[in-house]
Each structure stands twice: as C-alpha cells, then as structure tokens.
Amino acid sequence: MSQIPLLSILIFLPIIGILFMLLIRNNSDQSSNNLKLTALWISFINFIISLYLLFSFNQNDPDFQFVEQYFWIENGITYHLGVDGISVLFVVLTTMLVPLCILASYENIKFSIKEYLISFLALETFMIGVFCSLDLVLFYLFFEGGLIPMFLIIGIWGGERRVYSTFKFFLYTLAGSVFMLLAIIYIFIQTGTTDVETLLNYNFTRNEQIILWLAFFASFMVKIPMWPFHTWLPDAHVEAPTAGSVILAGVLLKMAGYGFIRFSIGFFPEASELFAPFIFALSVIAIIVTSLIALVQEDMKKLIAYSSVAHMGFVTLGIFTFTVQGIEGGIIQMISHGIVSAALFLCVGVVYDRLHTRDISRYGGLVNKMPIYAFSFMIFILASLGLPGTSGFVGEFLVLLSIFSINTYFAVFATTGVVLAATYSLWLYRRIIFGALIKDELSEMVDLTRREILIFAPLLILTILIGIFPKPVIDIIEPSTKKIVSQIENKLK
Amino acid sequence: MENFLYLLPEVFLFVVATILLILGLFIKNIRLINNLAIISLLIGLILIINQPYQSIFDNSYVIDEFSTVFKSMILIGSIASLMMFISSKEDLHIDFYEFPILIIFATLGMMVMVSSNDLLSMFIGLELQSLSLYVLAALNRNSLLSSEAGIKYFILGALSSGLLLFGISYIYGFSGNTNFNLIAVNYDTESLGLLLGIVFVSAGLAFKISAVPFHMWTPDVYQGAPTPITGFFALAPKVAAMGLLVRFLLNSFGEIYLDWQQIIFFISIASMAFAAFAAIAQKNIKRLMAYSSIGHIGFALIGVACVSSEGLRSLVIYLMIYLIMNIAAFSFILSLKRNDAYFENISDMSGMYKNHPFSTILIALMMFSLAGIPPLAGFFGKFYIFVAAIESNMTFLAVIGIIASVISAFYYLRIVKIIYFDEPKDEFDGFSIRSLNILFYTSSFLIIAFFIYPAPVISVAEYAVRSFF
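Protein chains in written order, with our numbering: chain Y, 1 to 493; chain A, 494 to 962.
Treat the hints with caution; some may be incorrect.
[Stated by the list, open to error] Dumping the calculated EDC-like pairs for lysine to aspartate or glutamate here, alpha-carbon to alpha-carbon at most 20 Å:
hint, chain 1, residue 1, chain 2, residue 2
1, A, 776, A, 837
2, A, 645, A, 584
3, A, 830, A, 915
4, Y, 369, Y, 440
5, Y, 168, A, 915
6, Y, 493, Y, 353
7, Y, 439, Y, 489
8, Y, 110, A, 557
9, Y, 110, A, 916
10, A, 847, A, 955
11, A, 847, Y, 29
12, A, 830, A, 752
Simulated from the structure, these hints should not be mistaken for laboratory data.
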C-alpha cells in the first residue's frame, strides 16, 4: 500500500482549511463569498480524497487498512488510525454530507458566516476522527470534541429556544460520555493499553464486562439516542439550523451505532449477550412509542426527529442479534438513514427558507407550485418508511430477518413500527404536498433552485441506487462483519 | 558557608529585591523596576533549572526534582502576574513600585516552602509568602473592597497560621523532631497527639490552597483584590502550598498514610462538590474564578489522596495545566475594559463575539478547557487524575469527580452562552495591550495545541515524582 497518511490528511485537512479561513476578513459580501467558497472547496476536496480511499480500499481484506500508528501520549495510548469495512462507509458519508451542508447554508445563515463555517469544518474533523481512530482515548477525544462545535452551531444560529436546546444537548451527551471515560481508564489500567486492535483479542472477565458494558452503554444510549433518553434529540433538531440538523441526524447519531458495533459487542460479547434482550426491549419500545409520538407532531422537524429515534431502534435491534445479517442490516440502515433523514431535513429547510415556519398546518398543496420538490420529497419519504426499491428497505429487511430468527415476539412488535412509519410519513406528506393550494401565503412559493437541486441530486441517486442494487455496499461491509461475528462466537465458546 | 552556594537562586532573588527596593526610592519609573523584576525572575528560573540537587542545613532544606519543577511553575506564575500588573497599574490605582518587589518576596517565600523539609523552614517560608500577600491584597488603599479583602485575608490567614503553629507544636511535642525525615523515623504510631498535629497542620495548609471547608476567604479576596493580584493568588501560592502539603505529608507521614488519607479524601470531595454548585449563581467573573479554582484544587487533591507515583504525577500535570488555563483566564479578565473602566459582571460580556470574533473563539475554548472537554488541555489534566484514582482503587472519588465536572461544565458553558448567544452590548476596548496579548495568545495556543504532543509535560511530571517514589 501507499505510504501516504490518507486518514490523517482526511482528518486534518478541514483544520488547515480553518487556518486559511482565519486569515480572511469577514467584512463584505465579497469576502463572505470567499469564505463560503473556501469552506466548500476544502470539504469537497476532502470528499474526493475519501472517494479515493473508498476505491483503493481492499474489499476482501477484513482487517484494518490504511493503518497509521505514532507515539502519542505514552506507551499504550498511541495515535492509531485505520479503517475497515464497517467504518470506511461512514467516513465517506461524513465527507459527502459536509459539502452539502455548506451548500445548504449558503443563503439562510445571515450573520457570522465565518464562525459558522469554521465550526462546521471543525466538526468534520471530529466526525472523521471518530470513525478512523483505533485507540480508545483518541476515539473519546474526537467523540466528545464534536460537542464543542455542535454546541455553538445550535446555540448561535438556532431558533428561538436555542439556548435551552443546546444546553440540554451538551449536558445530556456529556453526562453519558463521562462514564465511558471512566471505563476507558479502567481498561487502560487493567490491560495497559487502549489500542482497539489489541483489546479486540483481550478477554475481560464476566463481571468486568458487565460494568464496562454498562458504562459504554450509558454513553452510546444517550448519543444514538435510545428511549427513554431521546428527549434531547427533538429539541436539538427543532432549534438547530437546517445544516446542523442534517449533520446531527446524518452523522452524529451514527457515531453511537458505530460505537456499539466496534466496542460494546467487540470488547464485551458476554455482557452484550446478557443484555441483548434488554436492548431488544428498549429498541422495540423506542420504535413503537416514538412512532406514535411522531404521529401527533405539528412541527415537521420534530416529526422527523422522532422518526429518527424509531429508525435507530432498528439499528440497535440488528446489532445485538450478533448475526452477520443483523449487523449488516444495522450498518446499512445507518447509512441509509444518514442519507434519507439528512435529505428530509434538507426538504424541511427548503420550505422553511421560503415561509419561515415548520408548522405542518401552514402548508398544503405544495405540489401545484413545486413539482420537483414534491417529487424528491416523495422519494425520501418512501425511503424513510422502507419501501422496497429504496435504501430504507434493505436495512430494515435485513434487521427484521435477523431478529425473526432470534425472537419472534420482538420481530412482530418491531414490524408494527414499519406500519406506523408508513402512517406518519405518508400523512405528513399528504398534509404538506397534496390537496388544493388554498392558503394565500403559499401562492408565492417557488420550486427548487439550481443550488437546491444540486444538493438533492446525489442523495436521490444514492437512495435509489442502494435500494435497487445494494451489493457493492454489502460487499464492503461483509468481510469485516463476518470477522466480528466470528470473533464474538469464539469468545463466547 | 558552601550551603549558601546551593541557595543561589534564592539568594539572588533576595539581593535583587533589596536592590530594587532601594532603587525604587530614587527612580520613579515603575515600568523599569517591573521589567527589571521580570528579568531577574527569568534569571532566577534559569538558576533554578541548573541548581544542583542537594539537601542542606542539616537536611532542613531540600533541592530535588520535585522542588525544581514546582519552583519553575511558581516563577512562571509570578512572571505572568508581573506582566498583568504593568498593563493595568494606572487604571487600577495600584501604581506603586512596591508591587514587583512584594511579588519577588512572595515568590521567595514560596520557593522556601516547596524546598523546606523541616517544620521551621516551612513556617518561615509560609509567613514570608503570606505577609507579602496580605499587603498585596490591600494595595489599592482607596478602595473599600480592596482594603476589606486585605483585612479579611490577614485575619483569616493569621488564624490559619495559628492553627498551623499549634499543629507544629503538637508534632514536635510528640515526635521530638522538626525535621520531616526524622519525624518519620521517631513517631509513635499509636500517638493521638501526633494525629492531632497532622490535622491542624493540614487544616492550616488547606486554608492556603483554599480547599473546602477552609475556603471562605477566597471569593471575597479574589473579588476585592486588584485583578493582577487576584491572578497571582490563583497562580503561584496554590502551587506552592500544594507542593508543601505533599512534601509534609509524604516525607514525614508517608508510612501512616491511612491516617491522613481520609482528610484529603474529604476535603477533595467537598471542594469539588461545593464549587460545582456554588459557582452556578455567581455574577462576578472574579468570584466565579474563585469558585472555579476551589473546584480545580479539589480535583488536584485527588492526586494527593492517591498516595502513589501515578497520583503525584497526575497532580503535577494538573497543576501545570491549571497554571496555563488561569494565566489565560486572568489575562482575559484584565482585557474586559469599556470606556477606560474595568468591568467584572459576567452579563456585561454579552455578545462579545460580534466585536472580537477571534479572541472570543479562544475564550470559549478556554472555558471548554476549564470544563475539561476534550481535546483541550483541561481534559488531559482530569484524565490523568482519574487514571490515578482508579489505579489506587478510589473509583468512588473518580465518580464524584466526573459528576462534579459535568455540573461545573454548566457554569463554564454559561459564560460561553453569554459571550456568544446573547445580544451584544457596547463594544469594549479589550485585547489591545501587548503584554496581556502575549500572555493570552501564548496560553491559549498551549491549551489548544496541548493534545498534539502532550509527552513533554508528562515526562516533566514523571521527573518531579522521582523525589518521592
């Protein structure tokens, strides 16, 4: 393999972009345009690099690739990066969404555009770092570091109740994560290393596993989020600016799902097996309860936020089946949700930019004025409810298949979630798009601009592509998933 | 006589301070005297680093790895506060040439404190430091708050010195020695009087590091004293008293650590928990920093409570990072100036980022660092403290610590909220003074860039620990 430190470049290119942007004064339209272009180009170049990463990724190798390891803090805590089939797709998802977010913020961020873009690029660094790091301390650093830019993004450019939401978001996540920090320290003292590759082959005793698993769970449960600790998510989504919601739903939630796969079941298989029914129960409750809550929402963003919680319920269901199908299903569900929910939030952003309300009842009959918008919104709604032929179907189907083989009851209850998803999604769509255009204020609505079409096009193509032909995606995920499952089976014997 | 050769830095600083005192009578140029003081402290720093290790005066004064590292930290703190002084002396009405001289004397006292290995030299160092600090706190004679701070600090400080002396007399009475190492050899483990002595001396020292329940003076003195002096209080004396506490406890009572561990254990928990809640309601930034420093001292004390090399290492790392963060914080507080008047109300900072976007980013990051959010320096301080706590089977202390750090994140975030989310007020003319900017930008850079290469700090800490373990 080439010796170029590809992952480090991916992680630190946005930081270099920030340094550039600090040099640009923000005092005129011209200069704020320059800032936007710089940020856009930096994130786009990062996307190209990540595509190069994806294409030079060896699909048949289940191990970590593009590995970099340098001395960092002390023996046992190193700067160790690498990607395998599970994480490489998340890296690409992140680098893809960030330029789209910057593009989506081109016009609706009215002030302090420089700080906004800097926060976004810093967030990109942290998000890519989470998926690449193979050292627990490094992982924690990136995992928690992402809170700082997100706190600012919601708090400065958010809606009316932004301060409440951003504090809730920050303190919830921090309170969950500090227990993971203690667990990481315990692991470090017990084993003398925080290297993920080494730890995957280490056997913790049963009691250790239970306590450590719970500590990691506390962090990921809040972040993913699982019922009953999901309440920060709707608040954060509602108040965040459009691009903030996109990143929150598209990538930040996936960090926790990734953490479950890599750490919870990888390090602590016995404890995971022990707690699996507990997770199933929480997931099923989350799927049904949050779907029901989503039904009665009057706010579009809230509705999609609750649907996110339900979708993440499928992810945790799949992961804790410990089957190749289930974990693959969980990963594909996450990728698909990363694309689809991001797109849905962008859809909300489009009408919000025009009418400045997210109230569903203020809309109706938009198809008359915005046919292209209606079409793309439909595709994403259908993908969100898991219609065959869209990316949402593949993940949900694999998850339900695997959970069916483990426990029929959970499968039955989880499947009702699919029906409920159809209900609230289609009802949302009907209320916004269909019907006669009777409300006066809607008569001025214009269809998607070229910039907006440019944002939606890649998401639309990917949604349908993964739905019809998921094989390339599964090919990437499969070897690493198989390796994880066989490792778990070996440890459980 | 040759003992004095080993005392070169101390003697040098003493001579310089005396010369400056005389010089000050004839030259009215305070800036010159201040610069001379800074230069001589820098020379002192070099002398300290090159000081040969030796224990002198019948082993009552020790120069070793530990004292060298602590003295360096103290001198850096003193230099920082002299730089803060020169930028603000006219506006704060502390235009006295005695300021740099008193700082040097206090520094000298602190150097004696961290090197002393004997109850008597310890007391001498402590008093030299305290007397200089009492005067400094009341330096602004015309301000009621400053005078009140000085009196309050003096009375409570005298009380704590009394407690300390009382404890010293008990220890001397029951062990027959004043030398730390000889106390360790001669004590009677069953003796209740000795325990009483440890309690009283620890209480006296806990007052100096402002640990709960001996913290009452801190918020008032922090608020009342002129800001450069508050900065000095937050930086050097805490480090010195902590070093003294460690040497006193480990050298003389290292064998019976189970007896005093629970004292440290308690004041550590009390400080962390109390500060986390008390700081939430503060409206004045200096009072807030007072509670913040109480909380930080609580965290640092976890490192002492561990009684292990990891514990001590984490203490040193924590203090170094604490020093850097406080230099940043106080140089920022001194920049809060509107229409040539300083303001200290937190709410007056609202919307600062509109006018000072770049500096505000750094301040926000500094607050996140104080709250211990990765990847900033503050996180690593806490990380090592928790490593030490869990390694010594004190998981309980670590759990209390993380809960306290989550609660205290709230009040640091409140400042970020005010400077970023609230509506902007009038522009203020901060960040225009060179000496402050040097301090602010250097320390901010260190806070942000620490994670890239933390190894040097950790190896310095490991080096300091060698004196004990």
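Against the structure, the hints:
A distance of roughly 8 Å separates the Cα atoms of residue 776 of chain A and residue 837 of chain A; the hinted pair therefore holds under the 20 Å criterion. In summary, the hint linking residue 645 of chain A to residue 584 of chain A is not supported, as the alpha carbons are separated by about 24 Å, beyond the 20 Å threshold. In summary, the hint linking residue 830 of chain A to residue 915 of chain A is supported, as the alpha carbons are separated by about 19 Å, within the 20 Å threshold. For the suggested pair residue 369 of chain Y and residue 440 of chain Y, the alpha carbons sit about 12 Å apart, so the restraint of at most 20 Å is met.
Distance restraint check for residue 168 of chain Y and residue 915 of chain A: the Cα-Cα separation of roughly 17 Å lies within the 20 Å cut-off, and the hinted pair is therefore satisfied. As the CA atoms of residue 493 of chain Y and residue 353 of chain Y are separated by approximately 57 Å, the hinted pair breaks the 20 Å bound. The suggested pairing of residue 439 of chain Y with residue 489 of chain Y is violated, with an alpha-carbon distance near 60 Å, which exceeds 20 Å. Simply put, residue 110 of chain Y and residue 557 of chain A have alpha-carbon atoms about 59 Å apart, too far for the 20 Å limit, and the pair is violated.
Distance restraint check for residue 110 of chain Y and residue 916 of chain A: the Cα-Cα separation of roughly 15 Å lies within the 20 Å cut-off, and the hinted pair is therefore satisfied. In summary, the hint linking residue 847 of chain A to residue 955 of chain A is not supported, as the alpha carbons are separated by about 43 Å, beyond the 20 Å threshold. Taking the CA atoms of residue 847 of chain A and residue 29 of chain Y, the gap is about 17 Å. The hint holds against a cut of 20 Å. Of the pairs offered as hints, the one joining residue 830 of chain A and residue 752 of chain A is violated, with about 49 Å between alpha carbons and a cut-off of 20 Å exceeded.
Hints 2, 6, 7, 8, 10 and 12, counting from the list given before, are not met by this structure.
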